[in-house]
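J.: Listed here are the chains, written in short residue letters.
There are 2 protein chains.
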Amino acid sequence: MKPGVETCLSPELIDQFDLEGKVVVIIDVLRATTCMVAAFVNHADHLRAFEQVEECRKMRAKGYLLAGERNGEKIGDFDLGNSPREYLNMDLKGKAVAITTTNGTRAIHSSKESSIRLIGAFTNKRAVANKIRASGLPVVFYCAGWKGKVNLEDTLLSGALIEELLPDFQCLDDSSLLAHSVFKENRGNYLEFLKNASHVKRLGNLHQGDDLEYCVSENLTEMVPFVEGDKILV
Amino acid sequence: MKPGVETCLSPELIDQFDLEGKVVVIIDVLRATTCMVAAFVNHADHLRAFEQVEECRKMRAKGYLLAGERNGEKIGDFDLGNSPREYLNMDLKGKAVAITTTNGTRAIHSSKESSIRLIGAFTNKRAVANKIRASGLPVVFYCAGWKGKVNLEDTLLSGALIEELLPDFQCLDDSSLLAHSVFKENRGNYLEFLKNASHVKRLGNLHQGDDLEYCVSENLTEMVPFVEGDKILV
Numbered sequence: 001m002k003p004g005v006e007t008c009l010s011p012e013l014i015d016q017f018d019l020e021g022k023v024v025v026i027i028d029v030l031r032a033t034t035c036m037v038a039a040f041v042n043h044a045d046h047l048r049a050f051e052q053v054e055e056c057r058k059m060r061a062k063g064y065l066l067a068g069e070r071n072g073e074k075i076g077d078f079d080l081g082n083s084p085r086e087y088l089n090m091d092l093k094g095k096a097v098a099i100t101t102t103n104g105t106r107a108i109h110s111s112k113e114s115s116i117r118l119i120g121a122f123t124n125k126r127a128v129a130n131k132i133r134a135s136g137l138p139v140v141f142y143c144a145g146w147k148g149k150v151n152l153e154d155t156l157l158s159g160a161l162i163e164e165l166l167p168d169f170q171c172l173d174d175s176s177l178l179a180h181s182v183f184k185e186n187r188g189n190y191l192e193f194l195k196n197a198s199h200v201k202r203l204g205n206l207h208q209g210d211d212l213e214y215c216v217s218e219n220l221t222e223m224v225p226f227v228e229g230d231k232i233l234v
Numbered sequence: 001m002k003p004g005v006e007t008c009l010s011p012e013l014i015d016q017f018d019l020e021g022k023v024v025v026i027i028d029v030l031r032a033t034t035c036m037v038a039a040f041v042n043h044a045d046h047l048r049a050f051e052q053v054e055e056c057r058k059m060r061a062k063g064y065l066l067a068g069e070r071n072g073e074k075i076g077d078f079d080l081g082n083s084p085r086e087y088l089n090m091d092l093k094g095k096a097v098a099i100t101t102t103n104g105t106r107a108i109h110s111s112k113e114s115s116i117r118l119i120g121a122f123t124n125k126r127a128v129a130n131k132i133r134a135s136g137l138p139v140v141f142y143c144a145g146w147k148g149k150v151n152l153e154d155t156l157l158s159g160a161l162i163e164e165l166l167p168d169f170q171c172l173d174d175s176s177l178l179a180h181s182v183f184k185e186n187r188g189n190y191l192e193f194l195k196n197a198s199h200v201k202r203l204g205n206l207h208q209g210d211d212l213e214y215c216v217s218e219n220l221t222e223m224v225p226f227v228e229g230d231k232i233l234v
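Chains S and U, in that order, are what the protein sequence lines are. Counting from 1, one number per residue, gives the positions in the first sequence under the numbering used here. Counting from 1, one number per residue, gives the positions in the second sequence under the numbering used here.
Same shape as in the complex, but just chain S (with noise of 0.2 Å):
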C-alpha cells in the first residue's frame, strides 16, 4: 500500500483532514515558509511563529529578532518584514527570529496534531520531498492561502511536491489531483502564471514583485526546517 497524499486548500479547510500520524507541509510560499527557509539558509539558530503582532514584540526581551508583516507591509519597529532578501541580507548567525505572518502562521498552529510538521518552499523542495520519503508516512500539503482564500502559489507548490512523490505515493482526495493537474499545465512557467494570481498582483501594488522570482526558484538548499513544540529549528 502506497502512502497518501492529501491537499488542504485553505486553512478554513483544514478541520476535513485527519493529520494524526502524518507529516504535515506548512506551505506559504509568498512569503513566509520561503523567508524561513531563508533565515535557516542564512544560518538562523532558530525561529518562533506567532499569530499577533503583540505576543512577537514581546519577544525582544527574549533576544530575539523580530520579523513580521501585516497586508505585506513590514511592521514598522520590527527588525525583518516578509521579504525572503532581507532574511538573506541580513547577519542573522546562530540568532533566534520571532516572526508574526497572518496566514502561515496560522497553518503551523493548526496542525499540531501531526507527527511531523515541515516547512516546504519552492526553494527547498526537493529536500522537502525527500524528508517525506524518509518519514515513510502519509503527507498532508497544507497551503496557507491568502486570508482563508486558496491562493495559486501554495496549490502550485502541492502540485510540484506531489510530482516529486508519485509514482510511489498515491492521491488520496480531488485537491491533489488538482493541485498536480495545476503544475502539470504550468510546469516550467512559474512566473508567467503566477503574474496573473490576485495575490501577485497585490505584492506587485506593494512593489516587491522582486521577490516573486527568488520564491519560485526551486531546489536551493536542502535546509528542511521542522516545527518542535514552540520552536522551528533545521
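Bear in mind the hints are in silico, worked out from the structure with no lab data behind them. Hints should not be assumed to be uniformly reliable.
[To be verified] Taking lysine to any residue pairs in the SDA-like style, the calculated list, with each CA pair at most 20 Å apart, reads:
#1 U/Lys125 - U/Pro167
#2 S/Lys147 - U/Ile14
#3 S/Lys184 - U/Lys184
#4 S/Lys147 - S/Arg70
#5 U/Lys147 - S/Ile14
#6 S/Lys184 - U/Asn71
[Unchecked claim] Under 8 Å between C-beta atoms, here's a sample of chain U residues computed to sit facing chain S:
#7 Ser10
#8 Glu12
#9 Ile14
#10 Gln16
#11 Leu19
#12 Gly148
#13 Lys149
#14 Thr155
#15 Leu177
#16 Leu178
#17 Ser181
#18 Glu185
#19 Asn186
#20 Asn196
#21 Ala197
#22 Ser198
[Stated by the list, open to error] Covered stretches of chain S (chain U as the covering partner; in silico rule of three or more C-beta atoms under 8 Å from a C-beta of chain U):
#23 11–21
#24 150–157
#25 166–176
#26 182–196
Please read all numbers here as calculations on a predicted model, not as lab measurements. All C-beta atoms, glycine included, are put in the ideal place defined by N, C-alpha and C.
Use these hints to put chain U onto chain S, whose structure you have.
T.: Quick look at chain U alone, frame taken from chain S:
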C-alpha cells in the same frame, strides 16, 4: 471594465464571497445539477430543493414526485434517485419534483443574496455561459463539492465555463485561474481525468459509474434552470 469571474471551490468557503448583484452558477456535476437539467429536458414543470429528507417527503402530499439520494444511493420510498438516466426515462411532463441532495441543495440555499441563480452542468454549459453574458453581471461559480471538500468535476466545469467567457470576462481570484488551468490541462479528456477522482471512485463502487459519461457530455441542451423563490424553473 470587464465583468468579473470568481470561483468558490467548496461551500465551506462561500462566506468569503460577496454575492450581491452577481450571477451565481450552482455546480454539482455528479449529479444533482446534471439531474436538474435532465428533468427540464424531459419536460418537468418545476423543481424544489430540500436539505432534509423529511421536508422533501412531505411534498408527496402536494403532488410532487420525490427525488433524492444519500451517500449516492436512492432513498427507499422515493420515485427518483440521483442518476440523470432516471430523470430522462421517467415521464416527467408537467410534473413537479421535490429533490433532496447533500451538496447541491446546500449551495442553492446559501446563495440567496445573489441577483440570479442558475443551475449549471456540462450538459447545458454553453447555454449557461450565454445567460451569464446576457445578464451583463459579474459571476460566481459555486462548486457544491463533496461533503465540504473540493472536488474535481465541479472545478473542471467552472474552468470550462471560464473558457467560454474569456476574454470578455476577467478572473478576479486565484480559484478561477486554478479552475481554468485544470480545464486547459484536461480539455477533451474529462473522462480519463475524472476516473481518478475520489468522488468518481466512490460512485464506481456503487455501480453507478455509467452516469459519468453523460454527466461530462457538453451542450446537449439550451435549457438553463434558475432559482426563483422556492422553485427551480426554466
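J.: Run every hint past the structure and note whether it holds.
T.: Hint-by-hint comparison with the structure:
no.	hint	result
1	U/Lys125 - U/Pro167	17 Å, holds
2	S/Lys147 - U/Ile14	13 Å, holds
3	S/Lys184 - U/Lys184	10 Å, holds
4	S/Lys147 - S/Arg70	11 Å, holds
5	U/Lys147 - S/Ile14	13 Å, holds
6	S/Lys184 - U/Asn71	32 Å, violated
7	Ser10	7 Å, holds
8	Glu12	6 Å, holds
9	Ile14	10 Å, violated
10	Gln16	6 Å, holds
11	Leu19	15 Å, violated
12	Gly148	6 Å, holds
13	Lys149	6 Å, holds
14	Thr155	6 Å, holds
15	Leu177	6 Å, holds
16	Leu178	6 Å, holds
17	Ser181	5 Å, holds
18	Glu185	4 Å, holds
19	Asn186	6 Å, holds
20	Asn196	6 Å, holds
21	Ala197	5 Å, holds
22	Ser198	5 Å, holds
23	11–21	holds (count 3)
24	150–157	holds (count 4)
25	166–176	holds (count 5)
26	182–196	holds (count 6)
In terms of the numbered hints stated before, the structure departs from hints 6, 9, 11, listed from lowest to highest.
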